[in-house]
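In our numbering, the protein residues as written are 118 to 376.
Treat the hints with care, since some could be wrong.
[To be verified] Derived PhoX-like pairs (lysine-lysine); straight-line CA-CA distance at most 25 Å:
id, residue 1, residue 2
1, Lys128, Lys264
2, Lys276, Lys264
3, Lys128, Lys311
4, Lys311, Lys129
If you're looking for bench data, these hints aren't it; they were derived computationally from the structure.
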Amino acid sequence: MKAARSPRTDKKEVRLLVVKEGEMLDGSIESLPDHIEAGDLIVVNDAATLPASLYGRDVNDSQLEVRLRAQLDDRVWQAVIFGAGDWRTPTEERQAAPRFRPGEEVIFAGDFRARVLRENELSDRLLDLEFNLTGADLWRSIYQHGKPVQYSYMNEELKLWSVHNVYSSRPWAVEMPSAGHALDWQLLLRLMKKGVRIVSLTHGAGLSSTGDEYIDRALPLAERFEIPQATMEAVNLTRARGGRVVAVGTSVVRALESA
118 MKAARSPRTD
128 KKEVRLLVVK
138 EGEMLDGSIE
148 SLPDHIEAGD
158 LIVVNDAATL
168 PASLYGRDVN
178 DSQLEVRLRA
188 QLDDRVWQAV
198 IFGAGDWRTP
208 TEERQAAPRF
218 RPGEEVIFAG
228 DFRARVLREN
238 ELSDRLLDLE
248 FNLTGADLWR
258 SIYQHGKPVQ
268 YSYMNEELKL
278 WSVHNVYSSR
288 PWAVEMPSAG
298 HALDWQLLLR
308 LMKKGVRIVS
318 LTHGAGLSST
328 GDEYIDRALP
338 LAERFEIPQA
348 TMEAVNLTRA
358 RGGRVVAVGT
368 SVVRALESA
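All chains should be modelled from the sequences, with the hints used to inform the complete structure.
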């Protein structure tokens, strides 16, 4: 299996591997309704992907990249620092990140910066950053200056619209919950017409690689999630009736297992 090197514009080209007892079936994503029965439940992650890669510099004008990992409060985020370079260089081959002390600043633009609060015990590259903006102003600046997180196996720079699922809602994920990317409204409608119920939860999918052996060994780090009461009731009812609960992606699995 090879990772896709660019976003698929025609979702009908996406392949679907179905594993059954004693056999494996290689087909198209369009065949998904053939394998899901009326009374089954599909759970999707509706987290939108935010542009979590921010390029900036330190007070010595050393170039760097900040990849947001998790929001801790209104203006504080935990983030991973990378040295000069961009996504075209494998994470493990990036230049060394500058070392920060508490109180020092990362500068993204003239009116957009963050103060280092502390290092994490895992690595001196995992920092808590307090931004100088809050609320809508902070979100506006993240979207103005940020780019989607991506990796060196890609052929081209990703556009933000290309890392959203059709049912994306709140921007909690710093990397795309990609398992749902092949699900378009036509396919979801076919499933619902068959008697399959579709519900959602929100899980802030985190970074999948940093190039730091200590951080990567600990991945996935704690991730924010929220499961609506209606979703939990649907899961319990489906199981009680003998139906199957189909989780679209590991982020959904992690949220359900943690609930």
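| Is the Cα-Cα distance between Lys311 and Lys129 25 Å or less? | 19 Å, holds
| query | Does Lys128 pair with Lys311 here, judged by a C-alpha cut-off of 25 Å? | reply | 21 Å, holds
| query | Within 25 Å, alpha carbon to alpha carbon, are Lys128 and Lys264? | reply | 23 Å, holds
| said: Against the 25 Å threshold, does the CA-CA distance of Lys276 and Lys264 hold or violate the hint? | reply: 8 Å, holds
Consistency with the previously given hints is maintained throughout, with no hint failing.
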